[in-house]
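**Q** Build out the structure end to end from the sequences listed, making use of the hints.
So the protein sequences, as listed, match chains S and V. The opening position of the first sequence corresponds to residue 1 in UniProt numbering, with each subsequent residue numbered one higher. The opening position of the second sequence corresponds to residue 1 in UniProt numbering, with each subsequent residue numbered one higher.
Take these hints with a grain of salt, some might be off.
[To be verified] The calculated lysine to aspartate or glutamate pairs, modelled on DMTMM-like cross-linking and capped at a C-alpha distance of 25 Å, are:
1) S:144 with V:175
2) S:18 with V:175
3) V:187 with S:168
4) V:193 with S:79
[To be verified] Chain V side only, calculated, beta carbon under 7 Å to chain S, not exhaustive:
5) 105
6) 108
7) 109
8) 111
9) 175
10) 179
11) 186
12) 197
[Unchecked claim] Chain S stretches covered by chain V per the calculated footprint, using a threshold of three residues with CB under 8 Å from any CB of chain V:
13) 45-59
14) 87-95
15) 154-164
These are calculated hints, taken from the structure and not from any lab test. Don't be surprised by glycine CBs; every beta carbon is placed ideally from N, CA and C.
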Amino acid sequence: MSQQIQVSGLDAYYGRHKAIEDISMTIEPNTITAFIGPSGCGKSTFLRTLNRMHEVIPGARVEGKVLLDGEDLYGPGVEPVSVRRMIGMVFQRPNPFPTMSIYENVAAGLRLNGRRSKSEVDGIVETSLKGANLWNEVKDRLGKPGAGLSGGQQQRLCIARAIAVRPEVLLMDEPCSALDPISTLAIEDLMAELKSKFTIIIVTHNMQQAARVSDRTAFFNLAGQGQPGRVIEMDDTSRIFTNPSQKATEDYITGRFG
Amino acid sequence: MTTHTIRRVSAARRLKDRLVQTLVYLAFAVAVIPLISVLWLVIKNGLARFDLDFLTHSMRGIGARDVGGGAYHAILGTLEQVLLASLISVPIGLLTAIYLVEYGRGGRLSRAISFFVDVMTGIPSVVAGLFVLAFWVLALGMPFSGFAGALALSILMMPTVVRSTEEMLLLVPNDLREASYALGVPKWRTIVKVVLPTAFTGIVTGVMLAIARVAGETAPLMLTVFFTDSINSDPFSGPQMGLPLYVFDQARRPTDIAIDRAWTGALTLILIVMLLNLVARLIAWWRSPARGR
Ligand SMILES: Nc1ncnc2c1ncn2[C@@H]1O[C@H](COP(=O)(O)OP(=O)(O)OP(=O)(O)O)[C@@H](O)[C@H]1O
Ligand SMILES: [Mg+2]
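**A** Take a look at the structure:
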């Protein structure tokens with residue numbers, strides 16, 4: 001089933017610019033972890049180092065270790081592609097493939113990664129769409145373009161697409177920031193359901209959302225102007241929001257800065 | 001203290017608006033008049049000989065003063081030459097554009113390639129013909145042939161294909177590439193299955209424009225495929241004909257009959273290019289996502 005993630009001493013760079021520094025944390029399987037913090041403090045950057053998406057950007061590199069169940073994702077000879085199959089990602093803006101139908105979008109990860117029988121793909125598409133709470137809305141128009149859905153539906157389509165390849169971990173970078181409250185609620189409910197199958201990490205600017213959905217919360221902040229971002233505090237969500245140990249955390253969640 | 005009030009559009013502004021509008025319409029008319037008059041002339045003069053005879057017969061054994069004769073040999077030649085030129089330049093152009101956008105990323109090699117593509121864009125067509133004549137025909141001792149013409153045409157097509165494809169690939173949002181990578185899809189599959197299909201319609205349009213451009217080239221053909229009045233369906237050996245050459249050849253003959261044939265040849269050429277465009281549009285429509293299969 002899901003596996004533990006252990007990060008130790010992780011730095012990430014964009015060219016010469018160091019975006020995050022010395023991040024260490026442990027994320028337990030089948031939990032939801034929220035990353036909060038002011039804009040530009042490196043939450044997205046850190047999230048993208050977890051499935052080796054960071055290095056897709058020209059000039060970007062990573063130092064340090066990310067262990068998935070004891071195995072270093074940045075170890076020599078590790079295929080980034082295989083890492084990304086185990087650790088899926090949902091982006092801030094819904095990005096269904098515009099040339100593909102709803103069905104093809106969900107099947108994309110399976111199809112693009114090799115041959116599977118039609119009936120097998122059919123089954124996975126259905127369970128994934130059901131898993132993303134989208135099945136009832138689209139079951140009659142699976143052949144229609146995915147870009148023709150509403151923003152919230154598109155985002156759930158992207159979630160279905162990500163879980164169709166059966167990852168261990170699901171990374172979500174502000175998945176609700178482009179959505180209305182009802183779609184947001186649908187996705188939050190969905191996360192609570194998905195928790196039994198996946199380990200979920202979510203970046204959010206919405207304090208209530210972090211408090212509602214997550215088990216643990218990490219607060220990121222810049223060490224200073226022009227300095228790299230760091231994890232200031234990580235703890236059980238209930239503690240972070242009621243009794244944080246750091247002054248900066250308290251200031252941030254009570255809205256005194258950021 | 002200034003207060004904001006809702007004002008009526010002043011007469012001066014309305015006048016200016018009218019003036020600019022008129023100018024824009026005028027500019028449009030100036031741009032369209034030559035196009036329409038060329039089409040009109042070609043259709044008016046070309047229809048006289050646009051018959052089955054013209055489309056199915058060559059000029060073999062037909063002198064300048066003889067009626068009849070056709071452009072079958074030239075149509076066949078043009079289609080073969082353009083097809084061969086496309087077969088050479090489209091794959092190379094596509095792969096070059098993919099390299100430039102997806103792999104090169106402004107590195108030294110990609111900047112060098114970009115520079116040479118720009119230089120190639122500026123090559124006059126007659127120079128491309130001369131190059132093939134000097135290199136392929138004279139230095140290597142190959143015969144004049146449709147293929148030699150196709151080589152010259154492909155030199156002219158390639159930069160257009162590269163540039164238009166490059167632009168279309170750059171239009172594909174990076175989000176889509178990242179979405180694909182995040183599913184664990186390798187880069188090359190992402191390019192083949194996500195990037196190219198997304199840019200497909202634009203690429204086809206670009207290729208069609210490139211084809212349309214070279215289909216009417218005369219100078220490079222003169223130096224490479226030579227002339228013939230007979231049907232030669234083998235583009236790899238012996239002189240062929242092409243429609244632009246046919247028009248050129250007939251137009252300089254001293255009789256009205258030949259001049260009529262030249263007009264009809266021009267009409268046929270325009271029709272072929274329009275037909276190709278139509279086919280491209282059909283392909284694009286058939287592949288477009290909005291159709292919702
Ligand atoms: N593609 C990039 N190239 C160069 N620098 C980047 C790039 N993306 C992010 N950065 C820099 O890295 C730092 C961290 O950015 P990041 O996107 O991780 O912040 P974030 O915490 O996700 O912010 P937000 O909450 O606004 O999304 C910022 O200083 C940013 O300018
Ligand atoms: Mg971010």
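**Q** Does each hint fit the structure? Answer for all of them.
**A** Here is what the structure says about each hint:
| no. | hint | result |
| --- | --- | --- |
| 1 | S:144 with V:175 | holds, 21 Å |
| 2 | S:18 with V:175 | holds, 23 Å |
| 3 | V:187 with S:168 | holds, 22 Å |
| 4 | V:193 with S:79 | holds, 20 Å |
| 5 | 105 | holds, 5 Å |
| 6 | 108 | violated, 14 Å |
| 7 | 109 | violated, 15 Å |
| 8 | 111 | violated, 14 Å |
| 9 | 175 | holds, 4 Å |
| 10 | 179 | holds, 5 Å |
| 11 | 186 | holds, 5 Å |
| 12 | 197 | holds, 4 Å |
| 13 | 45-59 | holds (count 4) |
| 14 | 87-95 | holds (count 5) |
| 15 | 154-164 | holds (count 3) |
The earlier numbered hints that this structure contradicts are 6, 7 and 8.
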